[in-house]
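Visitor: Kindly generate the complete structure, drawing on both the sequences and the hints.
Listed in order, the protein sequences are those of chains C and P. Quick note: the first sequence uses this note's numbering, first residue 1, plus one each step. Quick note: the second sequence uses this note's numbering, first residue 1, plus one each step.
None of these hints come from the bench; they were simulated from the model. There may be inaccurate statements among the hints.
[Unchecked claim] Here are the computed lysine-lysine pairs in the DSS-like style, where the Cα-Cα straight-line distance is at most 30 Å:
#1 K15/P to K389/P
#2 K397/C to K15/P
#3 K100/P to K60/P
#4 K25/P to K397/C
#5 K25/P to K45/P
#6 K60/P to K45/P
#7 K60/P to K15/P
#8 K100/P to K397/C
[Claimed, not checked] Examples of chain P residues toward chain C, derived with CB under 7 Å:
#9 L215
#10 P348
#11 V422
Note that CB positions come from ideal geometry on N, CA and C, so glycine has one too.
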Amino acid sequence: MGALPEEVRERLGEGGLLDAAALATVYRRAGRRPLRGVEVLGVAGGEDRPLPGAAAVRRLAAMLGGFQTTALGEWLRAAETRGWGVPPEYLPELADHARHRAEYRPLVIAAAGRRASWLADLNPEWRFLHAVVAEGNNTELWTHGDGVQRRSWLRDRRRAEPADALEALREVWPTESAATRADFLTLLVDGLSLDDEDFLEAALDDRSREVRRAAARLLTQLPGSRLQQRMTERLHTHLLVTQGVLAIDLPRTLTPAMERDGIEARVEGLGQRAGLLRQLIAATPLAEMDLEWLRLPAEGVAVGVLQSGWTEAVIREGSQSAPSREQATAWARELLRSSANTGTRSPAELLRLLPPDEWAAAVAALRKTVDITELVGGLPVPWPETLATDLLDQLAKAGTGRDWARLASVTARAVPPEVLDHPITRESTGEEDTWRRRLVETLTFRREMYEELS
Amino acid sequence: MEQVLGLAPDAASAKAGQGLGKAGKWAGVGASGRAVWGLCQGSGKAPYQTAVDVSGPAYKCSCPSRKFPCKHALGLLLLWAGGEVAAGEEPEWVASWVGKRAERPERKPGEVADPIAAQERAARRADRVSAGMAELASWLDDQMRQGLGGFDQRAYTELSRLAARMVDAQAPGVANAVRRAAAVVGRGHGWPGELLEELSLIHLIVAAHARLDELPPALADTVQARIGRTVETARVLAEGEQVADDWLILGRVIEPDDRLTTRRVWLRGATTGRVALLLSFAAAGRPLDPLPARPGEYVPGTLSFYPGALPLRAVLTQSAPRLPAPTPIGSTARQALASYVESLAADPWNERWPLVLQDVRPAPHANGWALVDPTGEALELLPATNPWKLLSLSAGAPLTVAGEWNRAGLRPLTCWLNNRPVIL
Numbered sequence: 001m002g003a004l005p006e007e008v009r010e011r012l013g014e015g016g017l018l019d020a021a022a023l024a025t026v027y028r029r030a031g032r033r034p035l036r037g038v039e040v041l042g043v044a045g046g047e048d049r050p051l052p053g054a055a056a057v058r059r060l061a062a063m064l065g066g067f068q069t070t071a072l073g074e075w076l077r078a079a080e081t082r083g084w085g086v087p088p089e090y091l092p093e094l095a096d097h098a099r100h101r102a103e104y105r106p107l108v109i110a111a112a113g114r115r116a117s118w119l120a121d122l123n124p125e126w127r128f129l130h131a132v133v134a135e136g137n138n139t140e141l142w143t144h145g146d147g148v149q150r151r152s153w154l155r156d157r158r159r160a161e162p163a164d165a166l167e168a169l170r171e172v173w174p175t176e177s178a179a180t181r182a183d184f185l186t187l188l189v190d191g192l193s194l195d196d197e198d199f200l201e202a203a204l205d206d207r208s209r210e211v212r213r214a215a216a217r218l219l220t221q222l223p224g225s226r227l228q229q230r231m232t233e234r235l236h237t238h239l240l241v242t243q244g245v246l247a248i249d250l251p252r253t254l255t256p257a258m259e260r261d262g263i264e265a266r267v268e269g270l271g272q273r274a275g276l277l278r279q280l281i282a283a284t285p286l287a288e289m290d291l292e293w294l295r296l297p298a299e300g301v302a303v304g305v306l307q308s309g310w311t312e313a314v315i316r317e318g319s320q321s322a323p324s325r326e327q328a329t330a331w332a333r334e335l336l337r338s339s340a341n342t343g344t345r346s347p348a349e350l351l352r353l354l355p356p357d358e359w360a361a362a363v364a365a366l367r368k369t370v371d372i373t374e375l376v377g378g379l380p381v382p383w384p385e386t387l388a389t390d391l392l393d394q395l396a397k398a399g400t401g402r403d404w405a406r407l408a409s410v411t412a413r414a415v416p417p418e419v420l421d422h423p424i425t426r427e428s429t430g431e432e433d434t435w436r437r438r439l440v441e442t443l444t445f446r447r448e449m450y451e452e453l454s
Numbered sequence: 001m002e003q004v005l006g007l008a009p010d011a012a013s014a015k016a017g018q019g020l021g022k023a024g025k026w027a028g029v030g031a032s033g034r035a036v037w038g039l040c041q042g043s044g045k046a047p048y049q050t051a052v053d054v055s056g057p058a059y060k061c062s063c064p065s066r067k068f069p070c071k072h073a074l075g076l077l078l079l080w081a082g083g084e085v086a087a088g089e090e091p092e093w094v095a096s097w098v099g100k101r102a103e104r105p106e107r108k109p110g111e112v113a114d115p116i117a118a119q120e121r122a123a124r125r126a127d128r129v130s131a132g133m134a135e136l137a138s139w140l141d142d143q144m145r146q147g148l149g150g151f152d153q154r155a156y157t158e159l160s161r162l163a164a165r166m167v168d169a170q171a172p173g174v175a176n177a178v179r180r181a182a183a184v185v186g187r188g189h190g191w192p193g194e195l196l197e198e199l200s201l202i203h204l205i206v207a208a209h210a211r212l213d214e215l216p217p218a219l220a221d222t223v224q225a226r227i228g229r230t231v232e233t234a235r236v237l238a239e240g241e242q243v244a245d246d247w248l249i250l251g252r253v254i255e256p257d258d259r260l261t262t263r264r265v266w267l268r269g270a271t272t273g274r275v276a277l278l279l280s281f282a283a284a285g286r287p288l289d290p291l292p293a294r295p296g297e298y299v300p301g302t303l304s305f306y307p308g309a310l311p312l313r314a315v316l317t318q319s320a321p322r323l324p325a326p327t328p329i330g331s332t333a334r335q336a337l338a339s340y341v342e343s344l345a346a347d348p349w350n351e352r353w354p355l356v357l358q359d360v361r362p363a364p365h366a367n368g369w370a371l372v373d374p375t376g377e378a379l380e381l382l383p384a385t386n387p388w389k390l391l392s393l394s395a396g397a398p399l400t401v402a403g404e405w406n407r408a409g410l411r412p413l414t415c416w417l418n419n420r421p422v423i424l
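Guide: This is the structure in structure tokens:
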């Protein structure tokens with residue numbers, strides 16, 4: 001009461017409570033003072049990249065606003081190659097996109113420049129913007145970091161010094177949870193070598209089934225491993241070439257030794273014994289099999305079982321370095337050739353093992369037996385010019401039937417920058433809302449995007 | 001083209017309009033000096049008749065779309081903007097529509113159709129308002145006698161009833177104030193104090209209304225505006241104070257509601273330094289009229305201010321196309337608050353005030369954020385503000401920020417980075 005200004009007290013005295021309250025209210029509002037002692041943040045150090053032109057920025061804003069958003073990654077990559085940055089007001093939205101799309105993260109980090117780690121410090125949801133900083137060998141992150149930091153430390157370490165990473169993992173191995181052990185084990189795929197074999201062999205006897213399976217997967221991929229030798233021996237007891245025929249004697253049971261090497265009791269869609277054979281084939285190195293077998297008639301099992309086993313082996317070795325990769329390419333070519341007649345379950349994965357300049361011809365050959373969208377849908381983008389041009393030529397000739405819609409939408413995203421000018425974009429699109437109009441819209445959008453960023 | 005797309009009520013319409021902006025979609029298109037028209041084949045049997053009166057613009061289309069303008073009108077305008085519509089003779093259906101629009105009598109500013117009837121209406125309204133104010137006064141007295149203890153039990157029904165009574169009494173401004181008071185009840189520990197503040201300011205309106213004749217005319221206008229008397233735009237244009245300047249758009253706030261979307265555009269004169277507010281409304285889902293310029297640009301023109309002790313709300317008459325503007329000069333936190341206090345001295349009910357803060361840095365404060373000026377003093381941002389754009393722009397360095405201040409904090413609207421305005 002004593003603290004009230006005199007005028008307010010006077011009115012209270014006169015019984016005008018609301019008069020006094022009104023006066024006090026306006027007094028209080030007018031007497032508002034600025035805050036003091038608010039600590040400012042440090043300035044983000046470093047240089048800004050130059051910004052692209054206004055049209056490019058408007059396109060970025062449109063994509064963030066929901067228009068042709070799928071081209072966002074492409075915009076970022078094109079900007080990155082040309083050294084452009086992103087106006088800072090778009091970084092929060094980009095960071096939110098990258099939270100859910102890990103493949104955007106390095107691009108967003110590059111685009112954010114000096115602001116990346118500055119923002120990551122302020123917003124826990126954008127901690128991934130730090131990723132670039134964690135590159136150094138800060139063992140603190142391994143010993144005291146959270147799950148994400150430890151994982152990325154181990155991954156980076158493995159890439160830099162595979163033996164050190166194995167040693168670090170070996171030290172903590174007994175005390176980690178089963179889920180962490182299984183997860184960390186998968187990181188050894190980088191720089192995998194025979195130095196890891198003893199550790200992985202021991203892991204085949206781990207308490208956790210997940211860990212055992214992860215170890216078996218790695219050993220299957222490790223050229224010259226004992227597990228590969230065991231698989232080879234097993235396969236050869238069940239498979240014999242005699243008088244131009246591939247004679248198969250299906251395995252009878254799953255032995256404990258097979259189970260230890262990661263063979264499962266059942267494969268979906270196959271009988272038990274055919275399933276065992278398929279797994280044996282899939283786990284045997286291509287070098288221990290003969291490309292000739294592909295061309296032989298098989299006895300004792302359906303040819304599809306063999307082919308799916310080979311396909312899996314080819315896909316596995318296709319991700320390895322030479323000479324396994326070259327071998328896988330030869331096998332992939334052969335498997336695709338035979339599946340041009342029979343069809344195969346993973347043509348797309350085989351196709352990507354071929355050199356890109358063979359894709360167009362392979363697709364043309366497979367077109368009759370395999371769903372073309374399925375075939376090209378899994379290929380890395382952008383496609384080689386030959387394939388893109390072929391498919392656009394085809395689409396240009398196609399009517400407006402709905403069957404083409406899926407291929408058109410895959411193609412729209414996969415055409416390389418050099419082919420975005422294809423004649424189909426200059427022809428009249430006819431009807432209002434067809435796949436053809438959307439295809440042309442996307443191609444044109446992407447072409448303009450590259451023009452603006454060049 | 002962009003201007004045409006700016007007329008679209010939403011993104012979907014803009015897209016659909018673009019699809020129709022092609023000569024192949026249309027038949028019988030033509031343009032006269034005042035209108036564009038054409039026939040567009042839709043899903044129905046008969047083609048849609050679409051016409052646009054370009055002076056408005058105003059739209060007419062026989063399609064059933066509830067969007068306004070519809071995609072056909074947009075497509076037609078795009079076609080026209082692309083120079084693909086040849087001049088022609090208006091067909092009957094176009095000529096009669098545009099003709100009717102042109103005939104509609106346009107009253108001169110400030111002119112009243114029937115002065116006697118208007119006077120009678122005004123008198124009836126004054127009586128109703130007086131009765132409403134009397135009812136409000138006695139209600140307030142009752143509350144003070146009973147005390148606000150336990151008020152939260154009956155607050156909602158009491159205040160809603162009271163707000164409805166005030167609408168009946170043609171005092172919508174007071175009705176809003178009562179609803180605001182109702183929203184305070186039960187919110188946080190300090191609500192009885194807050195409620196007393198709100199009620200005391202309502203009391204202040206009632207008390208001022210009682211002595212309306214004794215008040216200086218400008219203040220009387222302010223009180224009338226707070227009660228909820230509306231002044232016709234035409235009268236403002238004819239009788240309001242006129243100030244010509246290059247008006248910098250400081251920023252805009254759009255507040256969607258269930259039924260009504262409100263937009264506040266804050267302006268500051270380049271030479272006069274006067275601040276002003278453009279208010280626009282639109283029914284929910286309908287587009288607001290287009291902004292005269294983007295935030296950070298100048299609109300050359302004359303503002304006509306609504307009457308009142310704190311001339312703030314105004315009507316803009318644009319005299320030349322928008323212009324780019326440099327980064328505005330701003331003030332410190334202390335100077336900014338002082339300018340708000342000045343506005344309170346003129347209009348104690350004033351809730352919002354535009355501020356331009358120069359060289360401020362965003363920084364964490366309590367559970368939210370604040371802007372710190374070069375002297376180390378700061379203003380808090382509105383609690384619900386998303387600070388990330390501002391933070392990303394600043395990266396720790398000082399910026400000029402324009403915003404809308406109210407008691408809860410500053411709502412940042414526009415900031416300037418290297419002389420480039422960015423909408424927040």
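Visitor: Broken hints, numbered, in rising order?
Guide: 8, 9
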